[in-house]
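Letter by letter, the chains look like this.
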Amino acid sequence: MKRILIVDDAATVRMYHRNILESAGYSVDEAMNGIEAIEKALQEAFDLYIVDVNMPKLDGYGFLRELRGENISQVPAIMVSTEAAENDQTAAYRAGANGYLVKPVKPVQLLTHVRLLIGETI
Amino acid sequence: MKSDMSKIIISEEDFLKFREYFYRKTGINFETTKRYFVDKRLIERIEATDSGDFRSYFIMMRFQASGAELQLLTNLMTVNETYFLREDYQFDCLVNSILPELVKRKTDNRPIRIWCIPSSSGEEPYTIAMYLMERWPGIHQWDVEILSSDIDTGILNKARIGRYSARSVMHVPAPWLVKYFTRVGDEYQICQDLREAVEFTRVNLAEPTDTRGYRNFDIIFCRNLLIYFDDLSRKTAAEVFFDALIPGGFVCLGHAESMSRISSLYKVRKFPQAIVYQKSLESR
Amino acid sequence: MAFIKKQAQPSTEQTQSTPETRDCQSLLKQLSSNDSTERRWAARDLVECPECANALMQRLKIETENSVREVILTTLTRMGDPVAIAGMVDCLRSEDAALRNEVVEAMKQLPLEVAPMMLGLLADPDPDVRIFAVNVLESLCHPEVESWLISVITYDAHVNVCATAVDLLGEVGTSNAIEPLEQLKARFNAEPYIQFAADLALRRINEI
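Residue numbers (our numbering), protein chains in the order written: chain A, 1 to 122; chain B, 1 to 284; chain C, 1 to 208.
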């Protein structure tokens, strides 16, 4: 079973993503900021990361930069943001994201991106 | 079964709501299997505060300006008992991973300095001293300084004396017990050599004039202390440690604690035995 | 044995990072030093110089070294004076995402000082600022928190501002929030996230 780490400081968002992903057959773990996510990523090899932009301590950009820069993991990551602007997306990709979703996320949207990035068919 | 205990009910949603809040505040995330343990303590506090039900209690705790109730509950939810070799995987990490890495990049002959806070009654700094003697060959090549601090002068005095109950030494391997302790009645007296190996000082982490002199440490042990601080004091303590460490120095926190709730100053380092936090080599 | 003790108590050896001159004027100068350790120490010690809040704020906006930024924010939080608060609010509009998040956290530590500004922030034309304001509400011990959140989910046009508010209502909401939550669901009936979050909040409020 593919493992996905949800990184978001809002408990409701984590629960929402968890519901969608678990009902699609994925196994999920959660972290509530970038540092906790780094701790988890160091201890377990996930297949995908779903990362919120704005979080305390270490935000989504910081998390991705460290994840990639320190070579902790190179598996795909989807950045989730309230910003639709192009420069926000560019910044996300530059930090190491492989996908970008604008909140609020729809279930079908999330699953499409997850499946494509994990290498499954849609 | 006490009849009044059964009147207060913690519903599933109450539990989840509390769990999220407690996780956000303390970093402690209870598994659903811990439900009974959590409910029991919540009910205890709901009764003790005469809140009547979970909802009133939760609102009271959440909006209490002093944070005292959350603190009390944290104490109840975490069993903080100190004894020799407590959470010993971290000492394994010290002798098998941290120290080898430190001495490998060492370019001077300066002693290796370890700061242990809170000292409490001394079990932890003395455990470190024994571990170094028994499990770290490097002790024959390197000088080590162990400094142990606490805010409570009474407990520091106890630590200096070094007299312990049988319960406190129950995890000490028998050969170590023979080598480093003398039995005195029902108690165990730690030997003079170890007492001399550790220096005890009083410090208040929130007081800049107290902490300013603590510099050039290679390793800081601060286990199960910050969890009892409020957010700002915790952050201040993390900054004090940062200033007290050499570049590349390490901080070890308790097993239920994570720097992720406290500060982003440190790099997370994963060793086979434990997660620890490092001041980057480039930092000064 | 290779254990040693320094007879002198904690090292009194003064390095260049703790210069002897610690008066406010010299600290201010050190705050713009080229050496980040010196800046960090200056930021830490400036807590004794409340008149320097503005200088700290200005430095925060250009400071690139993470450890110095953290200490500046801790010092400003400990000061907690109007200049510091106003500066923090200013930073909520910064282009620098990391800075905005750091400031939200600092503001959460100052509920009493921040409370009077909340209404203004919740009505800010910039939805990002409103989202940050709702985030700050999380830590506010203020009797009005629930009614502020209710007014957000009733009147705010921006779905993500409402989403953030619903999140918190699940934790602090009472029966007063039930009707507004139902209305929110109707207003954003095509947004599955809002449906999910509002239902969760309703479940938590209704369950006695």
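The hints are simulated quantities; they were obtained by calculation from the structure and are not laboratory data.
Note that the structure is predicted; figures quoted are calculated from it, not measured.
Even glycine gets a Cβ: it sits at the ideal position worked out from N, Cα and C.
Be aware that a few hints might be false.
Here are some of the chain C residues that sit facing chain A, going by a computed Cβ distance under 7 Å [said to hold, decoys possible]: (1) Ser94; (2) Asn101; (3) Leu112; (4) Ala157; (5) Glu191.
Negatives, chain C to chain B, calculated, CB over 10 Å [as the list claims (entries may be wrong)]: (6) Thr74; (7) Val89; (8) Tyr155.
Item to check | Hints that the structure is at odds with (numbers, increasing) | outcome: Result: hints 1, 3, 4 and 6 break, sorted rising.
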